[in-house]
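So the protein sequences, as listed, match chains A and B.
Okay, so the first sequence: first residue is 17 according to the numbering used here, each after it adds one.
Okay, so the second sequence: first residue is 903 according to the numbering used here, each after it adds one.
Hints are computed from structural coordinates only; laboratory data are not their basis.
Incorrect hints may have been included.
DSSO-like cross-link-like pairs, simulated, lysine-lysine; straight-line CA separation at most 30 angstroms [unchecked claim]:
| hint | chain 1 | residue 1 | chain 2 | residue 2 |
| --- | --- | --- | --- | --- |
| 1 | A | Lys220 | B | Lys1226 |
| 2 | A | Lys189 | B | Lys1077 |
| 3 | A | Lys181 | B | Lys1072 |
| 4 | A | Lys189 | A | Lys253 |
| 5 | A | Lys161 | B | Lys1308 |
| 6 | B | Lys1226 | B | Lys1072 |
| 7 | B | Lys1226 | B | Lys1077 |
| 8 | B | Lys1077 | A | Lys253 |
| 9 | A | Lys189 | A | Lys149 |
| 10 | A | Lys220 | B | Lys1301 |
| 11 | B | Lys1192 | B | Lys1271 |
| 12 | B | Lys1271 | A | Lys253 |
| 13 | B | Lys1072 | A | Lys161 |
| 14 | B | Lys1192 | B | Lys1072 |
| 15 | B | Lys1090 | A | Lys253 |
| 16 | A | Lys189 | A | Lys97 |
| 17 | A | Lys189 | B | Lys1072 |
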Amino acid sequence: MNQQGMHFEKLRIASFDFTCCEGCQLQLANRESSLAAFFGLLDVRAFREISSEKHDDYDIAFVEGSISRSDEIERLQAIRKQAKVLVAFGTCACFGGVNSLKNRYPIEACIAEVYDGQQVESLPVRKISDIVKVDLSIPGCPVAKEEVERIVVSLATGSLAALPKYPVCVECKERLNTCMFDLGEICLGPITRAGCDAVCTTGKTPCLGCRGPADDINFPAFLELVRERGLSLRDLKEKLGFYHAFEAYPYQ
Amino acid sequence: MKRDCSIDIRHLTRVEGHGNIRITVREGKLVEARWAVVETPRFFEVMVKGMSAERVPFLTSRICGICSISHALASIRALERAMQVTPPPAAEAVRLLAMHGETLQSHALHLFFLALPDFAGTPGILPLLESHPELVRAGLHLKELGNEISTVTAGRCTHPVSLVLGGLSKAPDRKHLQQLLDIIGERKSALEVACDFFASLDIPQFERETEFISLHNGSTYPFIGGELVSTDGVRRSENDYLLMTNEYLTEFSTSKFTRCSRESSAAGALARFNNNSAFLHPEAKKAAEKLGLRKVSHNPFMNNIARLAECVHILHDAEALIGKLLDMDLLEIRTRFTPKAGSATGAVEAPRGILYHHMETDEEGRVSKADCIIPTTQNNANIHNDLQALALQSLEEGKTDREIEKLAEMLVRSYDPCISCSVH
Chain A
17 MNQQGMHFEK LRIASFDFTC CEGCQLQLAN RESSLAAFFG LLDVRAFREI
67 SSEKHDDYDI AFVEGSISRS DEIERLQAIR KQAKVLVAFG TCACFGGVNS
117 LKNRYPIEAC IAEVYDGQQV ESLPVRKISD IVKVDLSIPG CPVAKEEVER
167 IVVSLATGSL AALPKYPVCV ECKERLNTCM FDLGEICLGP ITRAGCDAVC
217 TTGKTPCLGC RGPADDINFP AFLELVRERG LSLRDLKEKL GFYHAFEAYP
267 YQ
Chain B
903 MKRDCSIDIR HLTRVEGHGN IRITVREGKL VEARWAVVET PRFFEVMVKG
953 MSAERVPFLT SRICGICSIS HALASIRALE RAMQVTPPPA AEAVRLLAMH
1003 GETLQSHALH LFFLALPDFA GTPGILPLLE SHPELVRAGL HLKELGNEIS
1053 TVTAGRCTHP VSLVLGGLSK APDRKHLQQL LDIIGERKSA LEVACDFFAS
1103 LDIPQFERET EFISLHNGST YPFIGGELVS TDGVRRSEND YLLMTNEYLT
1153 EFSTSKFTRC SRESSAAGAL ARFNNNSAFL HPEAKKAAEK LGLRKVSHNP
1203 FMNNIARLAE CVHILHDAEA LIGKLLDMDL LEIRTRFTPK AGSATGAVEA
1253 PRGILYHHME TDEEGRVSKA DCIIPTTQNN ANIHNDLQAL ALQSLEEGKT
1303 DREIEKLAEM LVRSYDPCIS CSVH
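This is chain B alone, in the form it adopts within the complex (with noise of 0.2 angstroms):
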């Protein structure tokens, strides 16, 4: 059946940021399927020149107000490695105990606040306060839990406080990380509820075949520097990270595209499973399996599964890291060292994918260049791509112009875009 369809998101909503989407069929053909970005560009590396190493973090947090702690400890990794800066372990894994915080209150946020209406057909999650009261509780639940845990280690989880260079400004107090293993503990039942529930849904079935990029360790589920791996088994140090990203512009979005060996590539949770599912927990493992996530998956629509299988990951792992937390004294946190001239990238596991930092400093160690590449940007190009081949395939199977604006929102959802990140 030939036939016209026209889609025209403005503002796309439950999504952080403002990005369009068009899709425009004329005659049965697929004339157009766009996803563009146009949020008002902010210029953090203009921003970052000039100022003290010692207060970057503090400024290049400000870029995301979800991922806060992945762009300060981006920052702060470019920034020791540059000078040669070596944290105390510690410090390292009070660190990677903040960054389990931060991906669970994103992930609990996406899940349950952005993604889950789309699943409930209700327009956000205040109806399903009153609908669905123990999913939701379940929800708040991690995502509070996330927050709590990010507080306890960076001060504060929005904007971390006590992240700097070196190590830390203040160790995390021993009786707030003996609640935290406490608080786990109870909330365990929490992430039962919501694999309950993400299991029964119907996840809509599309696959296009991606590259997959992320970090990769070969010892432990990557969140903190790392070899940079793709799917199509490009493999290259945190420095060459220019080579995973071809960062290039288009003339309708402020944000720009990236590629690899293909046309596009994807970053984030699923990205992360298909390079890295050998080192999620085990009781993350069985979760995946119950979820029916099994690598290398090809389907977008399955980042949302990979997050609660990250979920469970996290709970598991941040008891294992309090405990050893807990049985070191916590006195040496912080490497003091003295400003020097250098240059380096810190490539760190953000919620929403593998995010890089790279910073030159001068002999005073003031920043002299800068360059941020965001999980967004390196997703950009492959959510449109999606798009497009969501399109064809929904018109093939005759579906109508509501059900394919539907699924191009949720398409869009299912990478998390966080779009004031990706104009930076």
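Just chain A, same shape as in the assembly (with noise of 0.2 angstroms):
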């Protein structure tokens, strides 16, 4: 197809969901007004969510959702062997996201609250790249449609796509927010990887840290940042371990 004077072929994605919401499937179908443009990018094989069509050859797997479960590895891995391109699609993808504060309790013990006892299997929640290699990863919870509408076309042009190195703490700058901290609240804009436009701070809440860690960040500062203002430490491990996405920083 052309577009813009460029000649490129349409690209052959297929769209999966593991344990999750479905949110940030549903992104994909957000943002009406660039939907046609979007979509004429993309030559969808299987997308269970919008579409009865189902077709096995995609080069491109959008992956949504942890995995917590024995047939879910093995759907995982079939589609790691078909996909060229595998893409942890949103944060239960990339960290195991909220769905991972259930591993703070041993499996039969959520079973026997939930289920009064049946048996129901469910495994410690993962994330994709304990399964499987992961190819690209998109954080997000949900995923930015801007984000993902720029990762696609950098997948259509064969150019490099890239998330922000930098945290949140910039684009909240950009949009001239009042810091969160001098609101009295811990928020892990300082510490987490920009691409979400601060849409939580912007709306005077605290970030959670959805996206993960930005490069190169200076944690033991960050911890300091929140001593130094007398801010609760129970609430910044609340904080760090809501999306699982901090793993490789811990807090005691």
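Take the two lone chains, each set in its own frame, and fit them into one complex as the hints suggest.
Put into structure tokens, the structure is as follows:
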């Protein structure tokens, strides 16, 4: 096809979901004004949520959700075999996401609490890269459609698809928001990867780090900031653990 | 004519989540018709334990990617009632507007992306972009408007940002509210296109007497809180939600089933309409009349029509609400409170029906126990029973396997099941 004078093949994509809310896939159907142009770049081979058509000849697989059952592992491995590019799509896929909060308790206790002891299969929650190789990660709870559009265009034109290296703080300052720390709240904006346009802090709620750590963060300095301000360390722990995205920066 | 028929649909498409349909007929007799949810369970009731009350709506909104605002508000309502917090009137108005945005987005998604292809005979919406451009544009315009309303009121359409305990963390921008008013004015024509199209469709003729459960407040079409009522005459207060649901487990489904006065009951747009049609906006009443929807309708396929009538209501009510907000100063938006121990239920009408969150907190305001009962959970048993009746009726009418399969898929879709929600 020809788009703005450039020739390229439509991307043969498929979208799959595992343990999640399907909110990231839903973003693919959002930004309605650019929807026709967006799907114009794509040859959708399988996308159960919006189409009954199903073909296994896709090149790019968008995989949403974390993994918490053995049949999911099998499905994911089959997708990995087919896909030339496997995209971990959204925070659950990239980091385990909120589902990981379940891992604080033994599986038997979880099942007993919700299913009155009936036999239900469930495994501790894992992120996609714990099971198969991931080629590209697009974090966010939910993913930001503008960023997805940018990355899809990069894939279609064969250019480099990259996420911002800097933290949410930069975008937040650009939007001239009052700092959440100055409002007395712990905010993960200083250590979280940008790309969301600081949507939470612009709504005056603290960043909970859904996009995971930015490149080269200074975690000890961040901890020092929280201590200096005399903010609750229990609150810090709850926020760092919310999306399971700061596993590499343990805080006790 | 005695015949065999075997329908086995694994992972039904154009629904949210994973569910299977199985219908087996041997020598003209129905052996089995079953709706089974096979989605991976997520354990939100465990995940929320020990979490500070203020953070809870940010977690529970993640139960669903389509109705995250409903989940956030159900948790907020439960926790506010548990801790006796009264949000300011401006915050209540903004919350209702956020619900309107979500319901419009969800209904437009269902009607145009999920249901329309069945009536048009295409696998999905994408081929319709070329064959029915005006109709698809109308659907996209309505869906976009829903998302815009949610974004202006809640900071983001999926997984809201500014809906917090006590009210709002940030008031909507007046300029954005004014813009919404302009867009609503423009988009009423999209609603007309949608109504004309759906009025021209042959809705499958199928009825099974059903108990319909919804909220009811006696003065407005219900969205947030109120009495729990059923078309069989049951009335309960919000905190007595367990008497409406009576959850039980089946061995073939990871989502629970529920029942009230009968073997099953239904929640959703049709249930809301059947219990509350008197409170619809006059324009929505007119649309319902034109579309052949009258209470009490026992045809589950009329859920689609009830959704469309609700879209009409929402556009007009949103217009009035925004007018009201523009007359307010929007300075008092958040009630400060001290967390404490308590327990209460928050019920809201999510797009797919009545949604209950029950929360218990300790002295620090941390959740010690939570229970969430989702609309799809309340519809599963009814879908299952409808499938059996539909299979029997279709056999009597001499329908082919392919026709039965299509009708069965359409029946399940008419409930717009939100399966990942139902195995929260």
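Fill in: Lys189(A) paired with Lys1072(B) [C-alpha distance capped at 30 angstroms]
holds (17 angstroms)
Item to complete: Would you mind confirming whether the straight-line C-alpha gap from Lys1271(B) to Lys253(A) stays at or under 30 angstroms?
Response: holds (21 angstroms)
Worksheet item: Within a Cα-Cα threshold of 30 angstroms, do Lys1192(B) and Lys1072(B) meet the stated pairing?
Response: Judged against 30 angstroms, a Cα distance of about 40 angstroms means the pair is violated.
Worksheet item: Does Lys253(A) lie within 30 angstroms of Lys1090(B) when you go C-alpha to C-alpha?
Response: violated (48 angstroms)
Practice prompt. With a cut-off of 30 angstroms on the C-alpha distance, tell me whether Lys1226(B) and Lys1077(B) pass.
Written response: holds (14 angstroms)
Worksheet item: Taking 30 angstroms as the top limit, are the C-alpha atoms of Lys1226(B) and Lys1072(B) close enough?
Response: At roughly 18 angstroms apart (the allowed maximum being 30 angstroms), Lys1072(B) and Lys1226(B) satisfy the hint.
Discussion item. Hinted pair, alpha-carbon criterion (30 angstroms max): Lys189(A), Lys97(A). Please report holds or violated.
Written reply: violated (43 angstroms)
Discussion item. Would the hint linking Lys189(A) and Lys253(A) be met if the CA-CA limit is 30 angstroms?
Written reply: holds (25 angstroms)
Fill in: Satisfaction of hint between Lys1226(B) and Lys220(A), Cα-Cα up to 30 angstroms
This hinted pair holds, its Cα atoms lying about 24 angstroms apart.
Worksheet item: Does the structure keep Lys189(A) and Lys149(A) at a Cα separation of 30 angstroms or less?
Response: Judged against 30 angstroms, a Cα distance of about 35 angstroms means the pair is violated.
Discussion item. For Lys1072(B) and Lys161(A), compute the direct alpha-carbon distance and say whether it is at most 30 angstroms.
Written reply: Holds, because 23 angstroms separates the two Cα atoms, which is no more than 30 angstroms.
Worksheet item: Keeping to a limit of 30 angstroms between CA atoms, is the pair of Lys1077(B) and Lys253(A) held or broken?
Response: violated (38 angstroms)
Hints 5, 8, 9, 10, 11, 14, 15, 16 from the earlier list are contradicted by this structure; the remaining hints agree with it.
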